[in-house]
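There are 2 protein chains.
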Amino acid sequence: MSFLTSLFGRKTSAPIARDRLQILLAHERAGEGQSELIAKLQEEILEVIKRHISVDQDKVQIKMDRGAGVSMLEIDIEVPEAKPAAKTA
Amino acid sequence: MSFLTSLFGRKTSAPIARDRLQILLAHERAGEGQSELIAKLQEEILEVIKRHISVDQDKVQIKMDRGAGVSMLEIDIEVPEAKPAAKTA
Chain A
1 MSFLTSLFGR KTSAPIARDR LQILLAHERA GEGQSELIAK LQEEILEVIK RHISVDQDKV
61 QIKMDRGAGV SMLEIDIEVP EAKPAAKTA
Chain B
1 MSFLTSLFGR KTSAPIARDR LQILLAHERA GEGQSELIAK LQEEILEVIK RHISVDQDKV
61 QIKMDRGAGV SMLEIDIEVP EAKPAAKTA
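Top to bottom, those sequences are chains A and B.
Per our numbering, the first sequence starts with residue 1, numbered consecutively.
Per our numbering, the second sequence starts with residue 1, numbered consecutively.
Read the hints as simulated data drawn from the structure, not as lab findings.
No experiment lies behind these values; they were computed from the predicted model shown.
Incorrect hints may appear among the rest.
[Unchecked claim] Cut-off 27 Å, straight-line C-alpha distance, at most; resulting in silico cross-link-like pairs (DSS-like, lysine-lysine): (1) Lys50/B / Lys63/B; (2) Lys50/B / Lys63/A; (3) Lys63/B / Lys50/A.
[Said to hold, decoys possible] So the derived label-pair ranges between C-beta atoms look like this: (4) Gln61/A / Ala68/B: 22 to 30 Å; (5) Val60/B / Glu36/A: 16 to 24 Å; (6) Ala39/B / Ala68/A: 32 to 40 Å; (7) Glu78/A / Ala68/B: 16 to 24 Å.
Heads up, the beta-carbon is just placed ideally off N, CA and C, and yes, glycines get one too.
Please model the entire structure based on the sequences and the hints provided.
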């Protein structure tokens, strides 16, 4: 997936080394219908992510681009600290 | 977001016009730690999607690529029929 590597790597020049989580969604429609899907998924996917990592709302960037045939959503999260769900059972 | 357009547009040559939903996740880690995050998110994000559209399991392609510094996940779903949640209230 080198095309992805280059895509995701393009912003890596940040001075502070932090974990980062990026999510890109694209809904490509064969017909002309409007897509509300991306907008619906945005919130729920963020909820899913927040279950697993601590997310500072200030560190979340969301871009949405709704075109006639394709809707796209980009979520960029700066992870303050990697917090894997501790298995202490 | 033209870079996304070109990225997502690259497979559009399928003979049958269908709706398609693509999700790309990348977890970029500043440290050397392993990332289980992507693997965790995969299933839950699919669950979120299935709440909104009918997904044929055969039409879901998942690629995961776990590197030392970045883990990536690509989910590609062919949507059999756009089924927005009908608001019949």
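Cross-check of the supplied hints:
1. Lys50/B / Lys63/B: 18 Å, holds
2. Lys50/B / Lys63/A: Judged against 27 Å, a Cα distance of about 23 Å means the pair holds.
3. Lys63/B / Lys50/A: 23 Å, holds
4. Gln61/A / Ala68/B: 22 to 30 Å: Once the Cβ atoms are compared, 25 Å apart, the range 22 to 30 Å for Ala68/B and Gln61/A holds.
5. Val60/B / Glu36/A: 16 to 24 Å: 21 Å, holds
6. Ala39/B / Ala68/A: 32 to 40 Å: With a Cβ separation near 35 Å, Ala39/B and Ala68/A satisfy 32 to 40 Å, so the hint holds.
7. Glu78/A / Ala68/B: 16 to 24 Å: Since Glu78/A and Ala68/B have Cβ atoms about 20 Å apart, the given range 16 to 24 Å holds.
Every hint from the earlier list agrees with this structure, and none is contradicted.
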